[in-house]
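Visitor: Read off the chains here:
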Amino acid sequence: MEKLIELKEVKTSFFTHLGEVQAVRGVSYSLNKGEALGIVGESGSGKSITSMSIMGLLQYPGTVKSGEIIFKGEDLLKKNKKEMRSIRGNEIAMIFQDPMTSLNPVYTVGDQIMEAIRKHQNVSKSEARKKAIEMLTLVGIPDPEKRIDAYPHEFSGGMRQRVMIAIALSCEPDLLIADEPSTALDVTIQAQILDLMKELKNKLNTSIILITHDLGVVADVCSRVLVMYGGLIMEEGKVEDIFYNPKHPYTVGLLKSIPKIESKERLVPIDGTPPDLLNPPKGCPFAARCEHAMNICMEEQPEFFHCGEGHRSMCWLLHPDSPKVELKGGVR
Amino acid sequence: MDNKNNNDTLIEVKNLKKYFSKNTGFFKKKMKHLKAVDDISFHIKKGETFGLVGESGCGKSTTGRTIIRLYDVTGGDIIYDGKNISHLKSKELEPYRRKIQMIFQDPYASLNTRMTVGDIIGEPLDIHNLAKGETRQKRIYELLDTVGLSKEHASRYPHEFSGGQRQRIGIARALAVEPEFIICDEPISALDVSIQAQVVNMLDDLQKKLGLTYLFIAHDLSMVKHISDRIGVLYLGKMVEIAESDILYEKPIHPYTKALLSSIPIPDPELNAKVDREILEGDVPSPLNPPSGCRFRTRCKYAEAICSKKEPLLEEIAPERFVACHFSKEFYEGTKK
Numbered sequence: 003m004e005k006l007i008e009l010k011e012v013k014t015s016f017f018t019h020l021g022e023v024q025a026v027r028g029v030s031y032s033l034n035k036g037e038a039l040g041i042v043g044e045s046g047s048g049k050s051i052t053s054m055s056i057m058g059l060l061q062y063p064g065t066v067k068s069g070e071i072i073f074k075g076e077d078l079l080k081k082n083k084k085e086m087r088s089i090r091g092n093e094i095a096m097i098f099q100d101p102m103t104s105l106n107p108v109y110t111v112g113d114q115i116m117e118a119i120r121k122h123q124n125v126s127k128s129e130a131r132k133k134a135i136e137m138l139t140l141v142g143i144p145d146p147e148k149r150i151d152a153y154p155h156e157f158s159g160g161m162r163q164r165v166m167i168a169i170a171l172s173c174e175p176d177l178l179i180a181d182e183p184s185t186a187l188d189v190t191i192q193a194q195i196l197d198l199m200k201e202l203k204n205k206l207n208t209s210i211i212l213i214t215h216d217l218g219v220v221a222d223v224c225s226r227v228l229v230m231y232g233g234l235i236m237e238e239g240k241v242e243d244i245f246y247n248p249k250h251p252y253t254v255g256l257l258k259s260i261p262k263i264e265s266k267e268r269l270v271p272i273d274g275t276p277p278d279l280l281n282p283p284k285g286c287p288f289a290a291r292c293e294h295a296m297n298i299c300m301e302e303q304p305e306f307f308h309c310g311e312g313h314r315s316m317c318w319l320l321h322p323d324s325p326k327v328e329l330k331g332g333v334r
Numbered sequence: 010m011d012n013k014n015n016n017d018t019l020i021e022v023k024n025l026k027k028y029f030s031k032n033t034g035f036f037k038k039k040m041k042h043l044k045a046v047d048d049i050s051f052h053i054k055k056g057e058t059f060g061l062v063g064e065s066g067c068g069k070s071t072t073g074r075t076i077i078r079l080y081d082v083t084g085g086d087i088i089y090d091g092k093n094i095s096h097l098k099s100k101e102l103e104p105y106r107r108k109i110q111m112i113f114q115d116p117y118a119s120l121n122t123r124m125t126v127g128d129i130i131g132e133p134l135d136i137h138n139l140a141k142g143e144t145r146q147k148r149i150y151e152l153l154d155t156v157g158l159s160k161e162h163a164s165r166y167p168h169e170f171s172g173g174q175r176q177r178i179g180i181a182r183a184l185a186v187e188p189e190f191i192i193c194d195e196p197i198s199a200l201d202v203s204i205q206a207q208v209v210n211m212l213d214d215l216q217k218k219l220g221l222t223y224l225f226i227a228h229d230l231s232m233v234k235h236i237s238d239r240i241g242v243l244y245l246g247k248m249v250e251i252a253e254s255d256i257l258y259e260k261p262i263h264p265y266t267k268a269l270l271s272s273i274p275i276p277d278p279e280l281n282a283k284v285d286r287e288i289l290e291g292d293v294p295s296p297l298n299p300p301s302g303c304r305f306r307t308r309c310k311y312a313e314a315i316c317s318k319k320e321p322l323l324e325e326i327a328p329e330r331f332v333a334c335h336f337s338k339e340f341y342e343g344t345k346k
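From first to last, the protein sequence lines are chains H and P. Under this note's numbering, the first residue of the first sequence is numbered 3, with each subsequent residue one higher. Under this note's numbering, the first residue of the second sequence is numbered 10, with each subsequent residue one higher.
Chain H on its own, in the form it takes in the complex (with noise of 0.2 Å):
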């Protein structure tokens, strides 16, 4: 498979008046053609800035310190901001969490797509205004050759979000990113938005990045998953190895935490609270929470373990030498 983008050690702080705030320290990784990617996180764990990072969208006092973002054979980072703007929304679109605040309520929803679509195609107006009916005849929208002249307030939630992401597909891009799609949805919405997503996966091989923080959404949707923590990767791998057979104490911590259907066993949560990135502790980010943490843990910061094929794991319990410790936290 060819890869499409691929990071490789992506560093991203804020340079805020308290002083360096490591938000994404050290993040590498890649996305084949026509996958589906879950990064999955606490709030504060990186996930959003690192796709920030990829579109560029980073605001002042935020900037990319060092690393590769290798996007078809070229580093993101290494262009400008004219060679950017051609890029974003053409080849990489992106999807925000709220629908209700990423639309322009002064502007009609055609317009908006109709924006999309000039900017980065030669057509003329009445070939965009087709086009963009076609979109929104594409994501659900019903009657869409005359909601194409409503204003945003005319939309229900699910609907704007319909909208965003006929936005985003207008170009066809390569890669779209969705940060928490469906987080601010009611739940008969979200399983509307999340089925639409999956058949544009399949009908246009459009490769994604969904960030989410609801194992459930990821489970439903992606392939493959990164589970950041304090900034940095802890473990990848297909679904079912992060689900069936999680190799880190925090994605461990993390399935126990969520409630089981079938049963009412007592939730197990991970006691304390996420580390602080304005000063991230010198080890494993997750040492001062974490269960089976040994003084290495505090020391030194572990390199990836590989527990197998496409499956890593940032711990240190995955060192030959540290004592074997089974990790039971499957969700089977």
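FYI, nobody ran anything at the bench for these hints, they're computed from the structure. Note that CB positions come from ideal geometry on N, CA and C, so glycine has one too. Careful: at least some of the hints might be erroneous.
[What the hints assert, rightly or not] Beta-carbon label-pair distances, calculated as ranges:
#, chain 1, residue 1, chain 2, residue 2, range
1, P, GLY34, H, ASP145, 39 to 49 Å
2, H, LYS84, P, LEU297, 16 to 26 Å
3, P, ILE288, H, ILE72, 47 to 57 Å
4, H, PHE306, P, GLY142, 33 to 43 Å
5, H, VAL108, P, GLY34, 47 to 57 Å
6, P, LEU102, H, THR185, 32 to 42 Å
7, P, GLU259, H, ASP100, 33 to 43 Å
8, P, GLU287, H, SER225, 43 to 53 Å
9, H, SER104, P, LYS31, 21 to 31 Å
10, P, GLY291, H, SER225, 42 to 52 Å
11, H, ASP151, P, GLU287, 26 to 36 Å
12, H, THR103, P, LEU297, 34 to 44 Å
13, P, ASN32, H, ASP278, 47 to 57 Å
14, H, ASP145, P, LEU102, 49 to 59 Å
Got chain H; can you put chain P on it based on the hints?
Guide: This is chain P only, laid out in the frame that chain H set:
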């Protein structure tokens, strides 16, 4: 419901209505009623957790706020421990304000940023004249300890705490007046997954220790199922189904409950792939202009002519099992699929 003389019942809600009026039309001359909660009835037993679920705008938070009388009741009765509190004036209501407390959704907005944590927790003690001076201070420390915070936290301000810790402060404040009944309005939806479990476990422990009764309002169905003994499902201000939580999940009867449950993404990839998802079409209709008859009929694939003409009533089709659907019997017996 025939629990009127049952001593176990702590709170009974009968035909509760809460309408908000809205001026519409040219020059806003027309008055329209937004029927946020429209004729719902349920009861909660002592020591029980009753879950209330539904999508946004279904009236679940309004129900909670009306029960605690943050809103005035438009119609119907709220009977707390044998006494009708639905129309009490504020002075008469005071003892009930002590017995019924509330935990709010947003731990960032529900704490006064200019008060120390100690004062936030101590305020209800002052209002109800429960403790002064040293006993007040002792009680505050005790409460902080109950929710897993320490003494030192009393002199700090809310901004120094994380979301989970703030929610703990909110819980300590609610516990200060030794309530019997706590309304939890989406207490965990603003928190991270690993922190949610901490708060849910704490609510569970407190219930066992202090014999509390909860009304747990949420849209996260798997969490509601986990914490509740019985669950009520709301749709557009109407109760559509009430059942014990295990039974509701095993065998939902109302088509809306079925769709709602099958929409939950399951955190298990293989199971997820197997599930035959029933995806509802369309959106929730506007509560200003709800459909005639059964309010769910516009999105219901089983809808027939009768559904638009007659409103289905909430009926007990099996013990402790209430459903409001014209075809509830058929669904229950499995003759209609």
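Visitor: Now tell me, hint by hint, if it's right for this structure.
Guide: Going through the hints against the structure:
Between P:GLY34 and H:ASP145, the C-beta spacing of about 26 Å breaks the proposed range 39 to 49 Å. About 48 Å separates the C-beta atoms of H:LYS84 and P:LEU297, a value inconsistent with the hinted range of 16 to 26 Å. At about 38 Å, the CB distance of P:ILE288 to H:ILE72 disagrees with the hint of 47 to 57 Å. About 58 Å separates the C-beta atoms of H:PHE306 and P:GLY142, a value inconsistent with the hinted range of 33 to 43 Å.
The supplied range of 47 to 57 Å is broken by H:VAL108 and P:GLY34, whose beta-carbon atoms lie about 25 Å from each other. One distance hint, 32 to 42 Å for the beta-carbon pair P:LEU102 and H:THR185, holds here, with the actual separation near 37 Å. At about 35 Å, the beta-carbon gap between P:GLU259 and H:ASP100 stays in the expected band of 33 to 43 Å. Between P:GLU287 and H:SER225, the C-beta spacing of about 24 Å breaks the proposed range 43 to 53 Å.
In this structure, H:SER104 and P:LYS31 meet the distance hint of 21 to 31 Å, their C-beta atoms being roughly 27 Å apart. At about 30 Å, the beta-carbon gap between P:GLY291 and H:SER225 misses the expected band of 42 to 52 Å. Between H:ASP151 and P:GLU287 the beta carbons are some 33 Å apart, a value that agrees with the proposed interval 26 to 36 Å. For H:THR103 and P:LEU297, the Cβ-Cβ distance of about 23 Å falls outside the hinted range of 34 to 44 Å, so the restraint is violated.
Take P:ASN32 and H:ASP278: their Cβ atoms lie about 50 Å apart, and the range 47 to 57 Å holds. One distance hint, 49 to 59 Å for the beta-carbon pair H:ASP145 and P:LEU102, holds here, with the actual separation near 50 Å.
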